[in-house]
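Q: With the sequences and hints as input, model every part of the structure.
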Amino acid sequence: EVFTFNKVEIKVQPSFKVKNGDPMSIVCHADISKSTDFQLKHNFTIFKDDKVVFTTVSDKGDARYEISVARSSDTGVYECTVEAGGKIKSSNPLRVWVKGMTRPILTVEKKEVLEGEVVKLRCELPEEEPPLYFYFSKTKMNSTPKEKDVFEPYRNFSVVEFAVEEGDNILQFDCFVKRYVQSEFESSEHSNKTLVTVREPFIKPTLSAKPSSNITEGDRIQFECSTVVARMRDIEIILQKNKTILSSVRDEKILKYSSVATLEDSGEYLCKVEQGKASKTTKLNVDVSELFPKPILTASMNKLDENKELTLSCSVSGFRKANFSILRKNSNGDIWLKNSRNLTMRVNVNDTGSYICKAEVKGIVKESKPVRINVYAPVSKPTLSVVSGLPEVVLGKPLRLICRSAMGTPPITFTFFKGNEVKKIVINDTYATFLDENIRQNDKRGYKCDAKNNHSSGVKTSNILNITVIVPIRNASLGSLPNGVVEDGSETSFLCSVNEGSWPILFRIFRKTDHEVLLFEKSENADRVIWRKEAMNRQDTGTYYCMASNRANVDVKSHPITISVILASWQKGIIAAFVLMPIAGAVIFTSWWFLWKKKKGNEWFPSISLMTNVLHSALATNMTSEKLSRQHNDGDYYSGSGYIEDTENHVKSTDESKG
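Numbering (UniProt numbering) for the sequence shown: 1 to 659.
Hints are computed from structural coordinates only; laboratory data are not their basis.
Any given hint might turn out to be false.
Simulated restraints on C-beta separations [to be verified]:
no.	residue 1	residue 2	range
1	ASN242	MET407	43 to 51 Å
2	ALA163	SER208	28 to 36 Å
3	ASP149	PHE5	46 to 54 Å
4	GLY585	LYS512	45 to 53 Å
5	GLU9	LYS99	21 to 29 Å
6	SER208	VAL159	44 to 52 Å
7	THR107	THR4	52 to 60 Å
Derived DSS-like pairs (lysine-lysine); straight-line CA-CA distance at most 30 Å [stated by the list, open to error]:
no.	residue 1	residue 2
8	LYS294	LYS178
9	LYS204	LYS277
10	LYS178	LYS19
11	LYS243	LYS111
12	LYS283	LYS140
13	LYS369	LYS329
14	LYS148	LYS277
15	LYS362	LYS241
16	LYS210	LYS140
17	LYS7	LYS41
18	LYS366	LYS321
19	LYS210	LYS283
20	LYS303	LYS241
21	LYS60	LYS89
22	LYS303	LYS243
23	LYS444	LYS397
24	LYS210	LYS294
25	LYS512	LYS557
Bear in mind that the values here come from a model prediction, so they are computed numbers and not experimental data.
Think of the CB as a built atom: it goes at the ideal place given N, C-alpha and C, for glycine as much as any other residue.
A: Below you can see the structure in the form of structure tokens.
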């Protein structure tokens with residue numbers, strides 16, 4: 001018994017596009033070839049979106065999956081698999097689309113509600129499957145509908161609440177549903193429309209004021225706010241002005257509030273009644289006429305010297321019969337000075353401040369605008385100094401000066417002078433600074449500063465401050481005599497000099513080995529210094545340099561020079577003697593030997609005296625050339641940073657006089 005699958009097919013009846021609510025069938029057909037006519041059991045499995053929705057076993061080559069009422073949830077990709085005799089064959093996938101959705105069902109929890117309550121709605125599609133998008137709407141007469149939408153990924157119904165607001169009466173609700181199918185949204189019909197009746201928990205409040213018109217400052221004004229309520233529990237009445245709560249009552253139907261009217265009481269008043277979430281308001285405008293204008297405070301002087309007399313006067317235009325008082329403003333509370341229209345006092349600097357006056361008529365108190373009074377103490381003679389301390393400045397660096405007045409009422413005007421030229425004007429409390437960036441070497445002008453304030457005593461001037469200009473060191477150089485080659489045990493002079501720099505100058509001479517060794521240090525009121533080292537030795541061979549500095553605090557280093565210490569002439573003579581004596585002995589011995597041979601063999605040889613003369617001649621020539629060489633070296637001058645003529649002559653003359 002041999003068989004083989006030719007193909008497996010799947011199809012939908014009546015069409016792959018089915019209307020929502022119509023029946024449809026998914027048919028799976030297996031086309032099989034057999035070697036003989038024998039029975040074969042077929043295991044049919046139908047999938048929708050890779051999930052098993054139908055299975056059956058049949059002797060026939062067809063299987064039918066019946067759906068009596070197609071819904072949009074039946075939309076998807078279907079596939080059929082047939083297994084027989086250990087062999088499996090699958091169909092190609094088939095996309096089926098059920099168009100349209102069932103009409104949703106809308107239910108409401110209560111058909112009659114009060115203002116401030118909520119309406120609870122439920123929209124449901126019992127025959128559809130999630131995910132679904134629910135859309136609710138609330139409509140009242142002659143207004144734009146309010147909408148809410150809810151996404152339900154796991155259920156086929158949704159519940160929302162709508163607040164019942166002031167002015168709502170008869171409300172209409174409905175809903176519809178959307179789902180995402182075949183890469184687009186598909187919408188259902190709108191649900192049944194449901195009506196809800198709204199009842200008022202209380203009526204709109206009434207707000208009145210007595211007297212209702214011709215209210216003048218000082219009159220007593222009384223407000224009354226009332227309402228009619230269906231249920232007294234949790235009722236609240238609030239009276240406001242400019243968002244400020246003036247009074248409130250709970251579980252009462254009427255609110256009363258009274259006060260003495262002032263000009264500031266003019267404006268809009270609001271009465272609000274609240275119960276639960278319900279709220280209703282009523283507004284009332286009140287106009288209060290002015291009883292008398294604000295008082296005016298005047299001063300005999302606004303700026304005056306200490307110990308001068310000040311008079312303050314308070315007045316009200318068109319009114320003489322008022323109770324006046326004069327006060328001084330203070331952050332911790334105004335300070336009372338006198339119950340009077342006028343105040344005269346002798347002032348000091350502590351009386352500087354703001355003053356006001358108050359006027360009272362029929363219990364209404366009004367306050368004047370503040371008047372500023374400034375009392376001045378004279379400035380003291382200012383002191384001018386350098387911020388860094390010492391009255392000096394390095395050439396090329398800026399000079400910062402500070403001018404101070406120990407006494408004097410601010411603000412103080414400081415004026416800086418260089419010579420007679422005004423350089424800067426600064427207004428400050430007790431001091432001011434000035435930065436001079438144009439410092440010259442030969443500038444002899446002194447500095448001074450003036451200080452003045454609003455006191456009548458006028459300007460005070462500081463003493464003149466003279467500044468020392470420190471010129472930094474420039475171009476240090478080091479020289480030696482003799483120059484680069486020095487005999488062991490001889491004296492050597494070192495000269496360190498600078499081209500420019502303010503005195504005193506600190507000179508230091510170093511020898512550079514594995515580390516720098518300070519050999520000499522001296523401060524001089526001169527541009528050069530000489531250091532004599534009396535006995536040089538072989539360990540003094542090396543590189544030398546000098547460093548110069550002054551109060552500019554900049555170390556200037558010379559170029560290095562090299563000193564070589566060689567053997568002295570007498571040391572060379574001893575060494576030569578030790579070397580030449582064996583040679584002379586050998587010559588004498590050789591001459592004697594040849595002379596002995598001559599006598600014996602009658603041959604001619606040079607005489608011993610001749611050989612001795614030759615040896616003396618050689619020694620004399622060697623000593624003469626050494627002496628000439630040393631005398632030539634002693635006459636030269638070497639400088640590490642170049643030849644300086646006057647320095648060389650100075651060292652030479654010193655050496656010659658010593659000789």
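Q: Against which earlier hints does the structure fall short, listed by number upward?
A: 8, 11, 16, 20 and 22
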